[in-house]
Amino acid sequence: MEKPISDNAGSQEAICESRRDFLYTCSLAAPLLLLALQAKLVCAFAASEPAYNPREHRYGMGIDVSRCIGCGRCVDACKNENDVPREPFYFRTWVERYVINSAGDTSVDSPNGGISGFPATSSERGILRTFFVPKLCNQCDDPPCVQVCPVGATFATEDGVVLVDRDYCICCRYCVQACPYGARFIDPRTRTADKCTFCYHRVTRGLLPACVEVCPTGARVFGDIKQRSSPLARFTRFHKIHTLKPHMNTKPKVYYADLDEEVR
Amino acid sequence: MPQQLARLLVVFAVLTGGLVVTRHLLIPKTFGQRGHYRAAAVTTIQELPVRYAGREACADCHADIVGLHGKGRHQTVSCEVCHGPAAAHTLAPVENQLPAPRKRAYCPLCHGYDPSRPTGFPQIDPVSHNPMKPCITCHNPHQPEPPHVPEECGACHGEIARTKAVSRHALLPCTQCHKTPVQHKVTPRLLHPDKPRNREFCGQCHAKDAGSPREIPRIDLATHGGRYLCWQCHYPHMPEVD
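From first to last, the protein sequence lines are chains Y and U.
The letter at position 11 of the first sequence is residue 11 when you use our numbering, and the numbering goes up by one with no holes.
The letter at position 162 of the second sequence is residue 162 when you use our numbering, and the numbering goes up by one with no holes.
Hints listed in this document are in silico derivations from the structure and should not be mistaken for laboratory results.
Just so it is clear, the structure is predicted and the values come from calculations on it, not from any experiment.
Any given hint might turn out to be false.
[What the hints assert, rightly or not] If you anchor each label on the Cβ, the simulated ranges turn out as follows:
| # | chain 1 | residue 1 | chain 2 | residue 2 | range |
| --- | --- | --- | --- | --- | --- |
| 1 | U | Gly225 | Y | Phe238 | 36 to 42 Å |
| 2 | U | Ala170 | Y | Asp260 | 25 to 31 Å |
| 3 | Y | Glu87 | U | Thr187 | 55 to 61 Å |
From the three backbone atoms N, C-alpha and C, an ideal C-beta is built for every residue, glycine too.
With the hints as constraints, model all of the structure from the sequences given.
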C-alpha cells in the first residue's frame with residue numbers, strides 16, 4: 001500500500017517542478033502571445049474597415065428646378081437600374097411639367113412620367129411661366145409610411161433611407177395611402193409596395209444613384225448631410241432651399257432649389 | 001395546492017410555452033436587431049445588382065473618347081445617358097455591346113424646343129432645323145459645337161444667342177438693334193454696343209404705319225403701353241407670342 005503512495009508523491013513532485021517550469025516558460029512567451037493576439041485584432045479591423053457603416057452617413061438629394069430640362073433620362077435610368085415595370089403608372093421617380101397661365105391657373109402633366117419627353121404644349125399663348133419638377137420619394141426623417149405599416153415591412157435605415165422589405169410586405173397598401181407625395185406604388189409582379197431607395201445598393205457601394213448619374217445638366221445632386229464637404233452640403237449652402245409640403249412635418253431629405261409656390 | 005389551481009397553472013404554462021414557440025417560429029431571426037424591421041432585408045437590398053457602372057468606369061478602355069468628351073460642352077452628360085447602362089459591358093465588353101442612338105428623334109429629347117426648358121438652354125425646332133438629317137451628320141455628340149447663329153456675338157453672349165435662336169426674333173441679326181463698334185470684339189468692356197433708347201426704335205417695325213412685312217404684329221405707339229418703354233414689358237430676345 002505504501003509504495004504506490006510514495007510513488008505518487010514522487011511523481012507529484014516531478015509534476016510540480018515541471019509546472020513551475022511551465023509557468024516560467026509561459027511568462028517568457030507572454031509578450032509573444034500578446035503580439036500574436038494584437039496582430040489578429042489588427043487583421044480583423046483591417047478586414048472590417050471597408051465594410052459599410054450606415055451610422056456614418058445620412059443621405060439626401062438636392063434638386064435644382066431651374067436646371068431641369070425635362071428630358072426624362074432620370075426616369076429611364078431609374079427603371080433600368082431598379083427593374084421597375086415599364087408600363088405607365090409605376091415610377092420611383094418621375095418628372096412633372098408645370099404650366100401657369102396668365103390667369104394664374106396651374107396645369108401639371110407628366111405623360112408616362114416624362115420618360116419619352118413631353119409633347120409640345122398646344123400653344124405658347126397665355127403661358128406666364130412654365131418649368132419641370134423632378135419628383136421622387138422624399139426619404140422623410142419622420143416618414144408617415146413607416147408609421148402606418150402594420151408589419152414593419154417598411155422602415156428607415158440608420159443612414160436615413162426609407163426601404164421596403166419585399167419578403168415581408170403584405171400588400172395592405174396603407175403606406176401608399178399615407179405617403180403625401182404619391183411616391184409609392186404596388187409592384188404588379190410581386191404584389192408588394194415599392195418606392196425609390198436612393199439606389200441603396202449603389203450608394204452603399206460608393207456609387208451615385210442612377211438618376212443623379214445620368215442627369216445631363218446636374219439638376220440632381222446627391223450627398224451626405226452629415227459631411228461638411230459633400231456636393232449636397234455645397235448645394236444647400238449656395239441655394240435657397242424649399243422642401244415639398246413642409247406643413248406635413250415629414251421632414252423630407254429631398255431639397256429643392258428655385259421651387260415655385262405652385263409646386264405641391 | 002387546490003386541484004383547480006394546479007390545472008390552471010398547467011393551462012397557463014402550456015399557453016405561455018405555446019406563445020414562446022409561436023413567436024420563435026413566426027418572427028424572422030433578424031427582426032428587431034436594428035429597429036422594428038428585418039435587418040436581413042437591408043442586406044438583401046444592398047446586394048441587388050448594379051446596372052449603371054458610373055462615368056469613371058468608361059475611361060479605363062475608352063480614354064480617347066472620354067478625353068475628348070471631357071473638354072466639350074457635353075462634359076456634364078455621362079456616357080450612360082446616351083449609351084445606356086454599362087455595368088454588364090464592363091464585365092464582358094464583347095458580348096454586351098452598348099447601343100449608340102443615331103436617330104434624329106433622340107437628340108430633341110434634350111434639345112428640342114420646349115418653353116418649359118430653362119432660358120438659354122441650347123434648343124432647336126426639330127421641324128425646321130435641317131429636316132430629315134440625323135443630328136450626327138453635322139454635330140459630334142462627344143464634342144458638340146455651340147450654335148453659330150448669330151455667329152460672332154454668340155461666342156460670348158451664348159445664352160442670349162440660344163434664347164433668341166428659338167424666338168420670333170430668331171432671324172434678326174444682333175446688329176439690327178445693337179450698333180456695335182468693331183473694337184468691341186477687342187476690348188469688350190471699353191467699347192459697348194448701343195441699345196435702343198426709345199419706343200420709336202421698335203416702332204420702325206411694330207408701329208401701325210410702319211413699312212415692314214404684314215405678318216409683324218402692330219401696335220399704336222400713341223396709345224399702347226403708356227409711360228413704359230417697350231422692353232420694360234417685352235423681352236426683345238424672346239418676345240411673347242401674344
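Here's how the hints hold up against the structure:
1. U/Gly225 / Y/Phe238: 36 to 42 Å: Given about 38 Å between the Cβ atoms, the range holds.
2. U/Ala170 / Y/Asp260: 25 to 31 Å: 28 Å, holds
3. Y/Glu87 / U/Thr187: 55 to 61 Å: 60 Å, holds
Of the hints listed earlier, there is not a single one the structure fails to meet.
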